[in-house]
Amino acid sequence: MKQKPNEFDYQRLFEQTAGGEAILDDLITRFSLPPSFDEHNAEIKTYYRAGQRSVIDFILSRINRANGAVDHAE
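Numbering of the sequence shown is given in the UniProt record's numbering, commencing with residue 1 and proceeding in unit increments.
Everything labelled a hint here was simulated from the structure, so no lab data went into it.
The structure displayed is predicted, hence computed values, not measured ones.
We put the CB at the ideal spot given by N, CA and C, even for glycine.
Mixed in with the good hints, there may be bad ones.
Here are the computed distance ranges between Cβ atoms for each label pair [what the hints assert, rightly or not]:
hint, residue 1, residue 2, range
1, N67, I44, 29 to 37 Å
2, G19, R49, 19 to 27 Å
3, H40, F8, 39 to 47 Å
4, E43, Q16, 34 to 42 Å
5, G19, H40, 33 to 41 Å
6, A18, A42, 36 to 44 Å
7, A42, T17, 33 to 41 Å
8, A42, A69, 31 to 39 Å
9, E21, R53, 15 to 23 Å
10, N41, G20, 28 to 36 Å
11, A18, S54, 26 to 34 Å
12, R30, P5, 17 to 25 Å
13, Q3, P35, 31 to 39 Å
Using the sequences plus the hints, can you model the full thing?
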């Protein structure tokens with residue numbers, strides 16, 4: 001059975017692997033968009049973007065935990 005990745009795996013992948021920081025920066029840029037104020041489907045777009053953002057928040061929380069930060073969200 002495969003072991004689940006832990007916070008140190010996220011840290012190693014995104015902070016210590018060649019290109020990892022650039023990939024993380026790209027993910028943040030692509031999926032951390034602000035809420036939509038478009039008059040058509042703004043609420044749906046905002047929820048969609050919040051879902052995308054939650055993945056970025058998860059990755060960042062794992063990296064921060066590996067670096068000794070306390071995660072208040074859990």
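Does the Cβ distance between N41 and G20 fall inside 28 to 36 Å? Since the Cβ atoms of N41 and G20 sit about 35 Å apart, the hinted range of 28 to 36 Å holds.
Does the Cβ pair G19, R49 satisfy 19 to 27 Å? With a Cβ separation near 26 Å, G19 and R49 satisfy 19 to 27 Å, so the hint holds.
Supplied distance hint 29 to 37 Å, evaluated on CB atoms of N67 and I44: holds, 35 Å
Return holds or violated for the Cβ distance of A42 and T17 against the range 33 to 41 Å. This hint holds: roughly 38 Å between Cβ atoms.
G19 and H40, beta-carbon distance inside 33 to 41 Å? Because 38 Å falls inside the window, the suggested range holds.
With respect to the beta-carbon atoms only, verify the hint that Q3 and P35 lie 31 to 39 Å apart. Holds: the Cβ-Cβ distance is about 37 Å, inside 31 to 39 Å.
Range hint 17 to 25 Å (beta carbons of R30 and P5) holds or violated: For R30 and P5 the Cβ distance comes to about 21 Å; the hint holds.
Please test the hint of 31 to 39 Å on the beta carbon pair from A42 and A69. The hint (31 to 39 Å, Cβ to Cβ) holds, given that A42 and A69 are roughly 33 Å apart.
Could you tell me whether the CB distance from E43 to Q16 stays inside 34 to 42 Å? holds, 40 Å
I want to verify a distance hint. Is the separation of the beta carbons of A18 and A42 within 36 to 44 Å? holds, 40 Å
Cβ distance range 15 to 23 Å for E21 and R53, holds or violated: The hinted range 15 to 23 Å holds for E21 and R53, with Cβ atoms some 19 Å apart.
I want to verify a distance hint. Is the separation of the beta carbons of A18 and S54 within 26 to 34 Å? Holds, at about 27 Å.
When held up to the earlier numbered hints, the structure conflicts with none and fits them all.
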